[in-house]
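Novice: Below, each chain spelled out in residue letters.
Protein chains: 2
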Amino acid sequence: MEVRARAPGKIILSGEHAVVHGSTAVAASIDLHTYVSLTFPTNSDNDDKLWLHLDDMALHFSWPVGRIKEALSEKGSHAPSSPKSCSAETINILAALVEEQNVIPEANITIGAGVTAFLWLYTCIHGYKPAMVVVASELPLGSGLGSSAAFSVSLAAALLALSDSANLDSTQQGWLSFGEKELELVNKWAFEGEKIIHGKPSGIDNTVSTYGNMIKFNSGELTRLKSNTPIKMLITNTNVGRNTKALVAGVSERTVRHPTAMEAVFKAVDSISNEVATIIQSPAHDDIAATEKEDKLEELMEMNQGLLQCMGVSHASIETVLRTTLKYKLASKLTGAGGGGCVLTLLPTQLFQIRKS
Amino acid sequence: MEVRARAPGKIILSGEHAVVHGSTAVAASIDLHTYVSLTFPTNSDNDDKLWLHLDDMALHFSWPVGRIKEALSEKGSHAPSSPKSCSAETINILAALVEEQNVIPEANITIGAGVTAFLWLYTCIHGYKPAMVVVASELPLGSGLGSSAAFSVSLAAALLALSDSANLDSTQQGWLSFGEKELELVNKWAFEGEKIIHGKPSGIDNTVSTYGNMIKFNSGELTRLKSNTPIKMLITNTNVGRNTKALVAGVSERTVRHPTAMEAVFKAVDSISNEVATIIQSPAHDDIAATEKEDKLEELMEMNQGLLQCMGVSHASIETVLRTTLKYKLASKLTGAGGGGCVLTLLPTQLFQIRKS
Chain G
1 MEVRARAPGK
11 IILSGEHAVV
21 HGSTAVAASI
31 DLHTYVSLTF
41 PTNSDNDDKL
51 WLHLDDMALH
61 FSWPVGRIKE
71 ALSEKGSHAP
81 SSPKSCSAET
91 INILAALVEE
101 QNVIPEANIT
111 IGAGVTAFLW
121 LYTCIHGYKP
131 AMVVVASELP
141 LGSGLGSSAA
151 FSVSLAAALL
161 ALSDSANLDS
171 TQQGWLSFGE
181 KELELVNKWA
191 FEGEKIIHGK
201 PSGIDNTVST
211 YGNMIKFNSG
221 ELTRLKSNTP
231 IKMLITNTNV
241 GRNTKALVAG
251 VSERTVRHPT
261 AMEAVFKAVD
271 SISNEVATII
281 QSPAHDDIAA
291 TEKEDKLEEL
301 MEMNQGLLQC
311 MGVSHASIET
321 VLRTTLKYKL
331 ASKLTGAGGG
341 GCVLTLLPTQ
351 LFQIRKS
Chain Y
1 MEVRARAPGK
11 IILSGEHAVV
21 HGSTAVAASI
31 DLHTYVSLTF
41 PTNSDNDDKL
51 WLHLDDMALH
61 FSWPVGRIKE
71 ALSEKGSHAP
81 SSPKSCSAET
91 INILAALVEE
101 QNVIPEANIT
111 IGAGVTAFLW
121 LYTCIHGYKP
131 AMVVVASELP
141 LGSGLGSSAA
151 FSVSLAAALL
161 ALSDSANLDS
171 TQQGWLSFGE
181 KELELVNKWA
191 FEGEKIIHGK
201 PSGIDNTVST
211 YGNMIKFNSG
221 ELTRLKSNTP
231 IKMLITNTNV
241 GRNTKALVAG
251 VSERTVRHPT
261 AMEAVFKAVD
271 SISNEVATII
281 QSPAHDDIAA
291 TEKEDKLEEL
301 MEMNQGLLQC
311 MGVSHASIET
321 VLRTTLKYKL
331 ASKLTGAGGG
341 GCVLTLLPTQ
351 LFQIRKS
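Quick note, the sequences are listed as chains G and Y, same order. Each residue of the first sequence is one higher than the last, beginning at 1 in UniProt numbering. Each residue of the second sequence is one higher than the last, beginning at 1 in UniProt numbering.
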């Protein structure tokens, strides 16, 4: 029996960094996904292992389920319908299980944490049942596009789809449809996975990946937004790695040094995010309205980028993308932590219409 | 009899554009000057003309003083000790006197307005006396370095030095020293000149040029600052001309579209300007304190530049300078109206010490 699930990555349209200081942020799902396939062996397979194949990285793990059971002993928790946090002690046990496979090159902490999260979600939802899980992703790792959340969400979705906890409607052509209650469960489990991978995630990434479309986030409160017009964004990966924690800390230190100025900057970002959310949700009647929306979004992106530079999180590689797109009169801003990572460029509808004609 | 005067140009250290919306700005005089020489002919010269030589532009004007008297008729106002605004009607009369000389190429409005201001200041302070005035400047025109204010101030100083209104102390080596009262008179006359050239000047430029050092400006109120450590600034002229009025209007339009965000941005700039003023005035005990000051100023410059980008007044040419100086870990910001013009780069003291050693 096999089930496949996919979950999208995300971009931050507005409010990165400032969100940590109480400002509103807006995130959107993107058309790049992580795919998870889950297969239970038939009795004739005679396989008592839990396999995990991370195809993109050519990393392959397999644990005899008895080994996992033995390691977890009483720490295991088979309760698919009640998402539960993994204790620090259990994280250590699971991390040791990952490490003893000797598969991950040179202490790649993120991948190790991802596989640890996998073991937690798997054992919580399916106990010590043998299975084969294959993961493939279109999302680059650690570039701020929410690859870990897409991993956690697609994994939770696949695991829950074959559990008794999710009551899925089978539609035509073999698709399973997740209802509101099931999505909530997916999101909660994915958040538990994110916590293992990131420590203190905001919950933005897994929520966008679970529900798709866009969300507004402020001080822990998430609001799902319904966009009425598709927005075309070009995502440029600078391929410059960065230290998210150091960037976040840098903004906080600057805030300590210049509290009045920085509070005002965060207030400006908050207002920009709320404007972005309003524009996204406003009805678009025709092409003119769509163009107006895009013009407004472009201006707000330019303003947000200036404020991010004021926070000190831009980078030469980001500025290069900004200058290049500016030559074509296109507005861009960094997305995520900055200091490298990805840059968004709004591609106006008119651009495509002109090229088509 | 000849007198020579010089007056410095200026840079805006912090707060350009935002100052129009109520934020504090800080300006400093720079070591580039405009020089004015005023000579009264001896009786034997038999010259009844008022000569004006703008040496840098090789533009030469000469009016028979009778012609000026005739044109101004009752509009003239010989009152050196009471600075007076030039009415729109009188500006037109003086502008016609400038135009009939047929000297200025292709309606260069700024130069024309400068010569008009010269005629107003001259006739107010010296009536219809023949004289020769020679102007030379190290300041590039229209690049935001306050060339017109340096012209107005050096002109007012030279004119007042040979009038009865200024009571100047003659020091050694032929230098005349302007007292506080005389400087105030110079500043007021220069402001009248600026009004003819710019319409509605803020008064920042002529005040910095008159008193030197630095000033803080907020909502029409000027405070002179005493800097305790010299600050070394590299000024890079992008040589990109810009339309100051259009840039100022652009910021105002953006403020109408996004009032909450922009008010917060102006508040951030206000706070930055006040921090800059505090740092400038704080006593510097040693090299370490000087380095700390510079570090703080660099951070504030980076923040201010981000906020200017948020206002939409940066330019590709400015960004090129920013990127270039960033390679050497030097902080830069645009100064003045933006959209081209000049860029400031702080040159830390350490830089010179390292190069010396």
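Everything labelled a hint here was simulated from the structure, so no lab data went into it. Just so you know, not all the hints are guaranteed correct.
Which copy? The list can't say, so a pair holds if one copy fits it or any two copies do.
Using 25 Å as the maximum straight-line C-alpha spacing, the simulated DMTMM-like pairs for lysine to aspartate or glutamate come out as follows [stated by the list, open to error]: (1) Lys84 / Asp56; (2) Lys195 / Asp169; (3) Lys329 / Glu253; (4) Lys296 / Glu319; (5) Lys245 / Glu299; (6) Lys296 / Asp48; (7) Lys329 / Glu100; (8) Lys329 / Glu2; (9) Lys75 / Glu180; (10) Lys245 / Asp48; (11) Lys181 / Glu292; (12) Lys75 / Asp164; (13) Lys296 / Glu253; (14) Lys232 / Glu263; (15) Lys245 / Glu184; (16) Lys181 / Asp48; (17) Lys200 / Glu221; (18) Lys195 / Glu263; (19) Lys245 / Glu2; (20) Lys293 / Glu253; (21) Lys129 / Glu253; (22) Lys327 / Glu253; (23) Lys49 / Glu138.
Novice: Is it within, between, both or neither when you check Lys232 against Glu263 at 25 Å Cα-Cα?
Specialist: neither (32 Å within a copy, 30 Å between copies)
Novice: Given identical chains, is Lys329 near Glu253, meaning Cα to Cα at most 25 Å, within a copy, between copies, both, or neither?
Specialist: between (34 Å within a copy, 19 Å between copies)
Novice: If the cut is 25 Å between Cα atoms, do Lys296 and Asp48 qualify within a copy, between copies, both or neither?
Specialist: Classified as neither: same-chain Cα gap 58 Å, cross-chain 63 Å, threshold 25 Å.
Novice: One pair to classify: Lys195 and Asp169, alpha carbons no more than 25 Å apart. Within, between, both, or neither?
Specialist: neither (30 Å within a copy, 77 Å between copies)
Novice: Checking an output row: Lys75 and Asp164, CA cutoff 25 Å. Within, between, both or neither?
Specialist: Cα proximity of Lys75 and Asp164: one copy only (22 Å, versus 98 Å across).
Novice: Regarding Lys200 and Glu221, is the shortest C-alpha distance of 25 Å or less found within a copy, between copies, in both, or in neither?
Specialist: Classified as within: same-chain Cα gap 15 Å, cross-chain 48 Å, threshold 25 Å.
Novice: Regarding Lys329 and Glu2, is the shortest C-alpha distance of 25 Å or less found within a copy, between copies, in both, or in neither?
Specialist: neither (48 Å within a copy, 56 Å between copies)
Novice: Is it within, between, both or neither when you check Lys296 against Glu253 at 25 Å Cα-Cα?
Specialist: Result: close only across copies, 13 Å inter versus 32 Å intra.
Novice: Given a CA cutoff of 25 Å, do Lys245 and Glu184 count as a within-copy pair, a between-copy pair, both, or neither?
Specialist: For Lys245 and Glu184, neither the intra-copy (29 Å) nor the inter-copy (54 Å) Cα distance is at most 25 Å.
Novice: 25 Å Cα cut-off: does Lys181 pair with Asp48 within a copy, between copies, both or neither?
Specialist: neither (32 Å within a copy, 97 Å between copies)
Novice: State whether the alpha carbon distance between Lys49 and Glu138 is at most 25 Å within one copy, between copies, both, or neither.
Specialist: neither (27 Å within a copy, 82 Å between copies)
Novice: Indicate which option fits the pair Lys75, Glu180 if close means a Cα-Cα distance not exceeding 25 Å: within, between, both or neither.
Specialist: neither (30 Å within a copy, 83 Å between copies)
Checked against the numbered hints listed earlier, the structure breaks hints 1, 2, 6, 7, 8, 9, 10, 11, 14, 15, 16, 18, 19, 21, 23; every other hint is satisfied.
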